[in-house]
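A.B. asks: Put together the whole structure using the sequences plus the hints.
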Amino acid sequence: MLRILLLLPLASALLLAVLPTGSVRALRAVAGIAASATLGYAIWLLSGFEIGDPNIQFPETHAWNPRLGSAFTLGVDGFSMPMVLLAALLTVVAILASGNIRKRARGYYVLLLLLETAILGVFTARDWSLFYVFWELTLIPLFFLIDRYGGANRSKAALNFVLYTMGGSVFMLVALLMLYDAAPGHSFAMADLAAGAVRLPEETQIWLFLGLLIGFGVKMPIFPLHGWLPLAHVEAPSPVSILLSGILLKMGSYGLIRAAETLPAAVLALQGWLAVIALFSLIYGGLLAWKQRDLKAMVAYSSVSHMGVVLLGIAALNTAGLTGAVMQMVAHGLVAGALFLLIGLLYERTHTRDIADYSSLVRVMPRFAFFTVLAFIAAVGLPGTAGFVAELHALIGGFARWGGWVVVLSLGVLVSAAYAVRTVGRLFTGPVRAGMHDIPDLSRTEFAAAAVLSAGIVVLGIFPAPALALISASVGQLARVFGA
Amino acid sequence: MNWLLALVPLLPLLAAAAIAVHILSGRAQGDDAEPVTARLATGATGLSVLLLLIADGLALATGTPGHLHLADWFASGSLRIPISFSADALALSLASLACLLLFLTQRFAVNYLHREAGFHRFFLGLSLFASGMLLILLAGNAALAFVGWELAGLSSWMLIGYAQDRPVATGNALRAFVINRIGDAGFILGIGLAWIWLGSMEWPAVGEAGRLDTLNAALLALGFVLAALAKSAQVPFAPWIARALEGPTPSSAIFYGAVMVHAGVYLLLRLEPLLLQSPAVLVLIALLGGLTAVYGWLAGYAQTDVKSGLMFATTTQVGLMFLWIGLGLFPLAAWHLALHAMFRAWQFLASPSYMHMVRNAAPPPPAWLGRCPGLYRAALQRFWLEPLADWLLLRPTRSLARDVRDLDDRVLSRLVGLPDQVKVAAFSERRETEADVIRGHGLAGGAMAWLAGHLHRFEERLVLQPGGGVFTVFLKRLGELLRGVEGLLERPRYLLLLIMATLVVIL
Chain C
1 MLRILLLLPL
11 ASALLLAVLP
21 TGSVRALRAV
31 AGIAASATLG
41 YAIWLLSGFE
51 IGDPNIQFPE
61 THAWNPRLGS
71 AFTLGVDGFS
81 MPMVLLAALL
91 TVVAILASGN
101 IRKRARGYYV
111 LLLLLETAIL
121 GVFTARDWSL
131 FYVFWELTLI
141 PLFFLIDRYG
151 GANRSKAALN
161 FVLYTMGGSV
171 FMLVALLMLY
181 DAAPGHSFAM
191 ADLAAGAVRL
201 PEETQIWLFL
211 GLLIGFGVKM
221 PIFPLHGWLP
231 LAHVEAPSPV
241 SILLSGILLK
251 MGSYGLIRAA
261 ETLPAAVLAL
271 QGWLAVIALF
281 SLIYGGLLAW
291 KQRDLKAMVA
301 YSSVSHMGVV
311 LLGIAALNTA
321 GLTGAVMQMV
331 AHGLVAGALF
341 LLIGLLYERT
351 HTRDIADYSS
361 LVRVMPRFAF
371 FTVLAFIAAV
381 GLPGTAGFVA
391 ELHALIGGFA
401 RWGGWVVVLS
411 LGVLVSAAYA
421 VRTVGRLFTG
431 PVRAGMHDIP
441 DLSRTEFAAA
451 AVLSAGIVVL
461 GIFPAPALAL
471 ISASVGQLAR
481 VFGA
Chain F
1 MNWLLALVPL
11 LPLLAAAAIA
21 VHILSGRAQG
31 DDAEPVTARL
41 ATGATGLSVL
51 LLLIADGLAL
61 ATGTPGHLHL
71 ADWFASGSLR
81 IPISFSADAL
91 ALSLASLACL
101 LLFLTQRFAV
111 NYLHREAGFH
121 RFFLGLSLFA
131 SGMLLILLAG
141 NAALAFVGWE
151 LAGLSSWMLI
161 GYAQDRPVAT
171 GNALRAFVIN
181 RIGDAGFILG
191 IGLAWIWLGS
201 MEWPAVGEAG
211 RLDTLNAALL
221 ALGFVLAALA
231 KSAQVPFAPW
241 IARALEGPTP
251 SSAIFYGAVM
261 VHAGVYLLLR
271 LEPLLLQSPA
281 VLVLIALLGG
291 LTAVYGWLAG
301 YAQTDVKSGL
311 MFATTTQVGL
321 MFLWIGLGLF
331 PLAAWHLALH
341 AMFRAWQFLA
351 SPSYMHMVRN
361 AAPPPPAWLG
371 RCPGLYRAAL
381 QRFWLEPLAD
391 WLLLRPTRSL
401 ARDVRDLDDR
411 VLSRLVGLPD
421 QVKVAAFSER
431 RETEADVIRG
441 HGLAGGAMAW
451 LAGHLHRFEE
461 RLVLQPGGGV
471 FTVFLKRLGE
481 LLRGVEGLLE
491 RPRYLLLLIM
501 ATLVVIL
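Protein sequence lines correspond, in order, to chains C and F. If you're matching positions, the first sequence starts at 1 in our numbering and goes up one per residue. If you're matching positions, the second sequence starts at 1 in our numbering and goes up one per residue.
Worth flagging that the hints you see were computed from the coordinates, not collected in a lab. Positions of the beta carbon are idealized from the N, C-alpha and C atoms, including for glycine. The reader is advised that the hints may include incorrect statements.
[What the hints assert, rightly or not] Partial chain F-side listing against chain C, Cβ under 8 Å, derived:
hint, residue
1, Ile-438
2, Met-448
3, Leu-451
4, Ala-452
5, Leu-455
6, His-456
7, Glu-459
C.D. replies: This is the structure we're talking about:
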């Protein structure tokens with residue numbers, strides 16, 4: 001069943017590649033239908049998902065390379081199901097937002113759908129070798145998407161991005177191979193590797209976990225490994241920025257949760273350090289976001305800050321913390337997606353991203369203003385938005401572990417309020433400027449894309465219970481491993 | 001019977017809501033709109049009177065049901081606030097009387113306020129008051145009674161400030177409201193203490209405070225007594241009620257002549273068992289009641305207008321009721337209350353036509369008062385109670401507020417980086433410089449900007465620097481070094497040397 005989820009965008013990409021038409025509209029329509037079908041299929045999968053069952057669901061295995069012990073094993077649980085939905089949703093939004101890609105549109109949409117395949121593969125793989133293959137597979141479409149469709153500095157950004165991620169992946173690969181060496185079943189299956197890891201001495205486990213942490217930390221990103229992020233986010237075309245920060249970053253934190261499942265003793269030993277990194281990333285990202293004048297760079301750095309909350313939640317290793325981490329992954333996916341979408345649309349209209357250039361947009365584009373204010377409010381994590389639920393859980397989880405130290409998290413929220421409020425003020429208040437008074441408001445498709453994301457943010461903020469129920473079984477199972 | 005009783009305060013409230021909708025819909029204008037409002041208000045109160053009369057009849061036939069528990073209003077943890085009503089002889093009889101007076105006054109006001117600008121507003125306030133007052137009288141617990149207490153206070157404020165365009169009226173309304181809030185604080189204290197010590201705020205439970213020692217019982221009683229003193233305008237809160245006469249005559253009649261002024265007496269009557277356990281409080285009540293009676297009697301002599309004269313007469317009578325309660329004569333106080341309410345309502349409603357009714361000029365103050373000019377002056381100045389309160393409470397509060405505002409303006413605002421008022425005005429005029437976009441204000445903002453600046457520099461230098469961060473430079477150097485080594489290795493003689501060295505090692 002999950003196979004079809006992967007095959008749908010892949011087959012559509014192939015179809016797009018050979019489609020005998022040059023019309024951009026037709027290509028876009030086909031890509032949109034394919035992405036919507038994938039989203040619909042993911043939602044259909046959700047309806048069959050047993051809530052409350054912590055086991056892997058929809059499992060399927062195909063032999064791949066029996067001599068090496070790798071297999072094509074797929075399956076989802078409470079951690080991956082929300083991510084699959086988020087990935088499918090954000091791809092649809094990205095295609096809706098791709099209205100101004102007119103040159104080389106065929107290649108663009110093919111790459112976008114390939115990227116979706118790879119991302120869904122990462123989230124559904126139940127075999128570390130398959131996971132690694134999909135992990136690396138995301139790089140190829142992304143490299144071309146940034147390098148061929150990006151902004152002025154795109155080549156450097158693309159290269160930087162790929163090199164950083166590959167550099168991290170090397171450590172991850174080494175760690176995985178060493179784990180494979182110790183696995184009793186001589187396979188790459190996640191459960192098997194976890195069974196083997198238990199028997200390793202704790203010091204080895206810590207080294208292995210550090211290797212995985214570097215690999216996933218680059219993607220997430222956490223503090224010293226985030227160098228690729230501002231460049232890539234700024235230079236990528238906006239729809240790709242939506243995917244980059246909305247779902248690609250979540251691959252890192254998702255991988256980290258899987259690593260915590262595999263090497264629990266190591267995570268427990270490094271728990272304090274993870275929290276320190278998380279809190280530092282949180283403040284560091286927030287302050288740098290405040291320092292930016294480029295809107296896209298600002299949102300990019302705010303992603304560093306928000307992913308710090310995810311890491312903090314994971315490091316808490318209790319039910320509340322892990323719930324907060326997964327909720328923040330979803331919330332940030334929606335919020336960052338919405339922000340990049342809106343800023344991208346604004347850039348298309350004004351060709352500037354410097355906040356000092358904007359003024360009094362609320363009169364000119366009220367719909368845009370509404371959605372942007374909502375997205376920034378959600379970025380701060382005000383009650384009633386998804387971010388609040390996430391931050392509250394992370395705060396509770398962190399408090400249970402470290403007591404008063406999590407006040408840093410609140411400080412981070414304060415900093416995020418500083419840049420969000422400043423940006424809203426800059427964008428929408430002040431005198432009307434000459435160049436800013438005949439900008440068209442959101443079109444119907446753009447409105448739909450923004451509305452879908454905003455609805456998700458608000459619905460998750462007001463009725464978080466279904467989402468919490470979806471993840472609770474898996475979170476509970478993982479938290480039990482750590483005795484909380 | 002139970003739900004019948006619940007409808008009694010609910011009907012005027014619904015009428016008030018309907019009138020509010022009527023006003024908000026913008027249709028409450030002109031002569032045609034007046035009967036709608038009037039019918040809503042009088043209809044609801046009239047129905048309440050009927051319901052109460054039915055309840056009275058049932059009670060006469062089958063005996064009073066006493067305390068009625070209907071449902072829980074809300075429950076949170078161990079805190080439970082029920083919706084309960086007292087339907088004993090005291091509550092039923094006084095509620096019937098008050099409701100009848102309310103109905104008659106409303107009927108009177110329909111003609112009296114014809115073509116007044118605030119006609120609808122007046123009936124909104126009066127309906128709210130009816131609801132609040134009936135709730136006070138019928139409530140079975142302190143919390144519910146407090147809701148009525150507040151509704152009555154709010155509607156009183158609305159109607160004293162009826163003439164919204166007269167600064168004196170609005171000022172007086174505010175003053176009356178604030179003084180009533182002091183009493184409310186006492187009420188809340190009473191509710192809280194009852195909850196903590198007795199675990200319930202039902203009137204019967206509050207009455208059975210036998211478990212408490214005398215001091216605690218006195219403290220509990222004092223809270224409610226404070227509320228009663230403020231509401232019934234006893235010394236030292238007495239002066240607010242004379243200011244409250246700014247409202248239209250029918251509202252003065254019902255609030256300060258007949259009904260609301262007695263709410264405090266009723267509260268004390270309800271707390272009879274509790275008061276009997278704390279004799280010291282009874283002495284205090286008697287003392288203050290007696291003082292008020294003397295105050296009202298003397299100050300009444302010095303008044304020159306009908307309404308003020310009536311008001312001070314009321315104060316005297318209510319003071320006497322407090323005195324009866326203080327002396328333990330609860331039934332006497334109840335009878336006094338009922339008779340006084342009826343008589344005073346008629347007097348107040350008739351006050352606008354006194355000029356026609358009274359043939360002779362009003363008698364001058366008695367001669368003995370004239371012989372003591374000091375006493376006369378004191379009576380004229382209402383014993384300086386208001387200036388005293390201002391001097392004791394208002395002035396210190398004001399100067400404290402000024403100091404706090406100075407602290408806010410001069411220290412905290414600057415620390416936090418809030419712009420002060422002058423700068424805000426100048427802000428839009430000024431063309432902003434580049435650096436203004438990212439700038440911290442105040443101490444916290446400055447610290448943030450400083451930290452962000454350093455981190456930014458770090459980020460630029462080490463992580464992002466175009467063409468060569470430290471890491472890239474290091475890699476480049478390493479590459480050059482390796483290329484040099486490679487170059488050396490490519491020369492034959494070094495290659496031979498390397499091979500020979502290898503052979504030597506192997507051998």
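A.B. asks: Can we keep the His-456/F interface hint, with Cβ of chain C closer than 8 Å?
C.D. replies: holds, 5 Å
A.B. asks: With 8 Å as the cut and Cβ atoms as the points, is Leu-451/F at the interface with chain C?
C.D. replies: Result: holds, 6 Å to nearest chain C Cβ.
A.B. asks: Using the nearest Cβ pair, does Met-448/F come within less than 8 Å of chain C?
C.D. replies: holds, 7 Å
A.B. asks: Taking 8 Å as the limit, does the beta-carbon of Ile-438/F come near enough to a beta-carbon in chain C?
C.D. replies: Constraint on Ile-438/F satisfied, holds at 6 Å.
A.B. asks: Given Ala-452/F as an interface hint, is the shortest Cβ-Cβ distance to chain C below 8 Å?
C.D. replies: Because about 4 Å separates Ala-452/F from the closest Cβ in chain C, which is inside the 8 Å limit, the hint holds.
A.B. asks: Holds or violated: is the Cβ of Glu-459/F closer than 8 Å to a Cβ in chain C?
C.D. replies: holds, 6 Å
A.B. asks: Please check whether Leu-455/F passes as an interface residue: C-beta within 8 Å of a C-beta belonging to chain C.
C.D. replies: holds, 5 Å
Checked against the numbered hints listed earlier, the structure breaks none of them; every hint is satisfied.
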